[in-house]
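Chemist: Okay, here's what each chain looks like letter by letter:
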Amino acid sequence: MSKVSRRTLIATGLGAAVGASGLAVAAKLARRYGLIPPDGGGLYGPGETLTYAAQRILTRHSMARRFRREQISKPPFPNEVGPLGERFRRLQEGGFAEWRLTVDGMVARPASFSLAELKGIPKASQITHLACEEGWSYIAEWIGLPLFYLLDVVETLPQARYVVYRSIQPDWWESIDMADALHPQTFVTHGMNGGELPVEFGGPLRLRVPRQLGYKSVKYLASITLTDNLKQFGKGLGSASPEGGYAWYAGI
Amino acid sequence: MADSAWAPVSTSAVPATIVRPRHSALVRVTHWTTTLAFLALLLSGIEILISHPRFYWGETGNILTRPLFQFPIPASRSTVPTGYGYVLPDQNGWSRYLHFQSGWVAVLTGLLYVLFGLFQGHFRRNLLPARADLSRKGLWTVIARHLRFRPAGPEEPWSYNVLQRLTYLLVIFVLFPLVIWTGLAMSPGIAAAFPAAVVILGGQQSARTMHFFITVLLVLFLLVHVVMVCLSGFRKRVRAMISGRSATDMEQT
Numbered sequence: 001m002s003k004v005s006r007r008t009l010i011a012t013g014l015g016a017a018v019g020a021s022g023l024a025v026a027a028k029l030a031r032r033y034g035l036i037p038p039d040g041g042g043l044y045g046p047g048e049t050l051t052y053a054a055q056r057i058l059t060r061h062s063m064a065r066r067f068r069r070e071q072i073s074k075p076p077f078p079n080e081v082g083p084l085g086e087r088f089r090r091l092q093e094g095g096f097a098e099w100r101l102t103v104d105g106m107v108a109r110p111a112s113f114s115l116a117e118l119k120g121i122p123k124a125s126q127i128t129h130l131a132c133e134e135g136w137s138y139i140a141e142w143i144g145l146p147l148f149y150l151l152d153v154v155e156t157l158p159q160a161r162y163v164v165y166r167s168i169q170p171d172w173w174e175s176i177d178m179a180d181a182l183h184p185q186t187f188v189t190h191g192m193n194g195g196e197l198p199v200e201f202g203g204p205l206r207l208r209v210p211r212q213l214g215y216k217s218v219k220y221l222a223s224i225t226l227t228d229n230l231k232q233f234g235k236g237l238g239s240a241s242p243e244g245g246y247a248w249y250a251g252i
Numbered sequence: 001m002a003d004s005a006w007a008p009v010s011t012s013a014v015p016a017t018i019v020r021p022r023h024s025a026l027v028r029v030t031h032w033t034t035t036l037a038f039l040a041l042l043l044s045g046i047e048i049l050i051s052h053p054r055f056y057w058g059e060t061g062n063i064l065t066r067p068l069f070q071f072p073i074p075a076s077r078s079t080v081p082t083g084y085g086y087v088l089p090d091q092n093g094w095s096r097y098l099h100f101q102s103g104w105v106a107v108l109t110g111l112l113y114v115l116f117g118l119f120q121g122h123f124r125r126n127l128l129p130a131r132a133d134l135s136r137k138g139l140w141t142v143i144a145r146h147l148r149f150r151p152a153g154p155e156e157p158w159s160y161n162v163l164q165r166l167t168y169l170l171v172i173f174v175l176f177p178l179v180i181w182t183g184l185a186m187s188p189g190i191a192a193a194f195p196a197a198v199v200i201l202g203g204q205q206s207a208r209t210m211h212f213f214i215t216v217l218l219v220l221f222l223l224v225h226v227v228m229v230c231l232s233g234f235r236k237r238v239r240a241m242i243s244g245r246s247a248t249d250m251e252q253t
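Protein sequence lines correspond, in order, to chains Z and H.
Note that the first sequence covers residues 1 to 252 in the working numbering.
Note that the second sequence covers residues 1 to 253 in the working numbering.
If we strip away everything but chain Z, and leave its shape as in the complex, we get (with noise of 0.2 angstroms):
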């Protein structure tokens, strides 16, 4: 009987004493490697880190699933947004002829574009689906350049590690990792569906994150700063969703 349970005692210490050790270890590659979310602390800090790292492992260089053209939605639909304010409809009024997107930060040189600059660069386009936490979804094509092509000519410095960015509406803010800055998907997007991209749905401009859930994909784009460090933003969490309740990391 007493051989069984000091054997019993052994194995358990030392699966204690394995498992506590594993654990340092894993967090402290986890922290190297940047893979603990800025919303890692806390009570629901385990989960978001083993989800955030788990696909930053995993999904690092896949691309979001493109679909047909005849699998576009039909139409598709425009979650609303809060009152758009005096400074939107006042550019609104001007075609959005004044419209700017600033970017600064890290970078060699800051920049700031107007929208016909913008739609000057050769125009990318991709049909991919967009889903929003809620649980609805649909297929739309998004018209612009790939991020990672503005974040070259401003020269990016390299130890910028996140992307800021911000709408026109003062409390909606968002940011990504590099991974997903430099994406060949993250898009700037000035069109939709073959045609302009409509207000409803973030005209004139809104920043496309197809790997991550709607809420990622900030309408009416309006600055963009690279940092390497998110503490220095609002509440420090990384972006606006996390101070209103909601993951940071929104890839699932």
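Keep in mind that a hint or two might mislead.
Capping the alpha-carbon separation at 25 angstroms, the derived lysine to any residue pairs in SDA-like fashion look like this [stated by the list, open to error]:
hint, chain 1, residue 1, chain 2, residue 2
1, Z, K74, H, K137
2, Z, K28, Z, V18
3, Z, K231, H, W94
4, Z, K235, H, P81
5, Z, K74, H, D90
6, H, K236, H, S159
7, Z, K74, H, V199
8, Z, K74, H, G58
9, Z, K74, H, G202
10, Z, K235, H, D90
11, Z, K74, H, W57
12, Z, K74, H, S159
13, H, K236, H, R165
14, Z, K28, H, R165
15, H, K137, H, L127
16, Z, K123, Z, E155
17, Z, K235, H, K236
18, H, K137, H, L169
19, Z, K74, H, P67
20, Z, K74, H, L68
21, Z, K74, H, P53
22, Z, K28, H, T109
23, Z, K74, Z, C132
24, Z, K74, H, R66
25, Z, K74, H, I200
26, Z, K235, Z, Y33
27, Z, K74, H, Q70
28, Z, K74, H, P195
29, Z, K119, Z, L58
30, Z, K28, H, K236
Derived Cβ-Cβ restraints for the label pairs, each shown as a range [unchecked claim]:
hint, chain 1, residue 1, chain 2, residue 2, range
31, Z, G13, H, Y84, 41 to 51 angstroms
32, Z, R161, H, E156, 55 to 65 angstroms
33, H, Y84, Z, G82, 37 to 47 angstroms
34, H, M228, Z, A24, 40 to 50 angstroms
35, H, I18, Z, K28, 47 to 57 angstroms
36, Z, S125, H, F119, 51 to 61 angstroms
37, H, V226, Z, P170, 28 to 38 angstroms
38, Z, R68, H, P72, 32 to 42 angstroms
39, H, L222, Z, P170, 14 to 24 angstroms
40, H, L169, Z, P170, 50 to 60 angstroms
For the record, the hints were derived by calculation from the structure and aren't laboratory data.
We treat Cβ as the ideally placed atom computed from N, Cα and C, and that holds for glycine.
With chain Z's structure known, arrange chain H on it following the hints.
Modeler: Just chain H now, kept in the frame of chain Z:
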């Protein structure tokens, strides 16, 4: 009855109580961890569903699409036409955090259970039905006994009957893997890395609809499981799943 291996040698008139090991520590720990994770997944899943209580088939579906069906309940989003004059508060943020965290707990616990179960012979010993029990007659004997509400046989405090074995195998090796798969197929990141996982299911919205129906089956299992535990002695069964030991009075058997 006299030839049963567990029969007491003593023939005294005092009612003998036999206490024997019933559930291994691994089964007990994973059972209760899974219970907690499943209840958290169910609660958060219902909350998420309330934000869009409509289901579709195929790749896409939204308010402008005809649904497969819609629950006649109010929603937590004003965009959903529900017929109710009010909108429920948005609970999706914490529901999604809790859903995925509990999902990880359930998946990791399940992996531990299956690996150790194979290693320790748990499935072979306790869950694979004997060939004789799988015959039409063997199955019918057990089904008939259940239909007549006959009490369990004397061996059942320490063993599962063939219906239990088949049900547990179905839940462990079919329903749980399917609910995980259909859940992952909704993730845009996973869909990008493993497109076939979505295509085989018929699309992202089909995956969502299947995720719901498999959950319904799992909830049915949970209800029947709890009812059977109550009918066969709630305290005794729960004690066995906590302490690992099962006792039975010889007089009653």
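Chemist: So, for every hint listed, does it hold in this structure?
Modeler: We went through each hint and held it up to the structure:
1. K74/Z / K137/H: Measuring from Cα to Cα gives roughly 56 angstroms; hence the hint is violated.
2. K28/Z / V18/Z: holds, 15 angstroms
3. K231/Z / W94/H: holds, 22 angstroms
4. K235/Z / P81/H: Distance of about 35 angstroms is beyond 25 angstroms: violated.
5. K74/Z / D90/H: violated, 28 angstroms
6. K236/H / S159/H: holds, 14 angstroms
7. K74/Z / V199/H: At roughly 21 angstroms apart (the allowed maximum being 25 angstroms), V199/H and K74/Z satisfy the hint.
8. K74/Z / G58/H: Within the cut-off at roughly 14 angstroms; holds.
9. K74/Z / G202/H: holds, 19 angstroms
10. K235/Z / D90/H: Holds: K235/Z and D90/H sit about 21 angstroms apart, inside 25 angstroms.
11. K74/Z / W57/H: This hinted pair holds, its Cα atoms lying about 16 angstroms apart.
12. K74/Z / S159/H: Violated. K74/Z to S159/H sits at ~57 angstroms, over the 25 angstroms cutoff.
13. K236/H / R165/H: holds, 20 angstroms
14. K28/Z / R165/H: Given that 25 angstroms is the threshold and the Cα spacing comes to 43 angstroms, the pair is violated.
15. K137/H / L127/H: holds, 19 angstroms
16. K123/Z / E155/Z: Holds, at roughly 20 angstroms.
17. K235/Z / K236/H: Outside the cut-off at roughly 52 angstroms; violated.
18. K137/H / L169/H: Between K137/H and L169/H the Cα gap is close to 21 angstroms, so the pair holds against 25 angstroms.
19. K74/Z / P67/H: holds, 15 angstroms
20. K74/Z / L68/H: Cα-Cα ~17 angstroms, so holds.
21. K74/Z / P53/H: holds, 21 angstroms
22. K28/Z / T109/H: At roughly 23 angstroms apart (the allowed maximum being 25 angstroms), T109/H and K28/Z satisfy the hint.
23. K74/Z / C132/Z: Holds - the C-alpha atoms of C132/Z and K74/Z are around 17 angstroms apart, at most 25 angstroms.
24. K74/Z / R66/H: holds, 12 angstroms
25. K74/Z / I200/H: Holds, because 24 angstroms separates the two Cα atoms, which is no more than 25 angstroms.
26. K235/Z / Y33/Z: Distance ~23 angstroms between K235/Z and Y33/Z Cα, so the pair holds.
27. K74/Z / Q70/H: holds, 21 angstroms
28. K74/Z / P195/H: holds, 23 angstroms
29. K119/Z / L58/Z: Not satisfied, since the Cα-Cα distance of roughly 34 angstroms exceeds 25 angstroms.
30. K28/Z / K236/H: violated, 45 angstroms
31. G13/Z / Y84/H: 41 to 51 angstroms: For G13/Z and Y84/H the Cβ distance comes to about 57 angstroms; the hint is violated.
32. R161/Z / E156/H: 55 to 65 angstroms: holds, 60 angstroms
33. Y84/H / G82/Z: 37 to 47 angstroms: violated, 23 angstroms
34. M228/H / A24/Z: 40 to 50 angstroms: For A24/Z against M228/H, whose Cβ atoms are near 43 angstroms apart, the range 40 to 50 angstroms holds.
35. I18/H / K28/Z: 47 to 57 angstroms: holds, 51 angstroms
36. S125/Z / F119/H: 51 to 61 angstroms: Holds: the Cβ-Cβ distance is about 52 angstroms, inside 51 to 61 angstroms.
37. V226/H / P170/Z: 28 to 38 angstroms: Given a distance of about 51 angstroms, which is not inside 28 to 38 angstroms, the answer is violated.
38. R68/Z / P72/H: 32 to 42 angstroms: 36 angstroms Cβ-Cβ, so the 32 to 42 angstroms window holds.
39. L222/H / P170/Z: 14 to 24 angstroms: For P170/Z against L222/H, whose Cβ atoms are near 46 angstroms apart, the range 14 to 24 angstroms is violated.
40. L169/H / P170/Z: 50 to 60 angstroms: Between L169/H and P170/Z, where Cβ atoms are some 56 angstroms apart, the hint holds.
Going through the hint list in order, the structure does not satisfy hints 1, 4, 5, 12, 14, 17, 29, 30, 31, 33, 37, 39.
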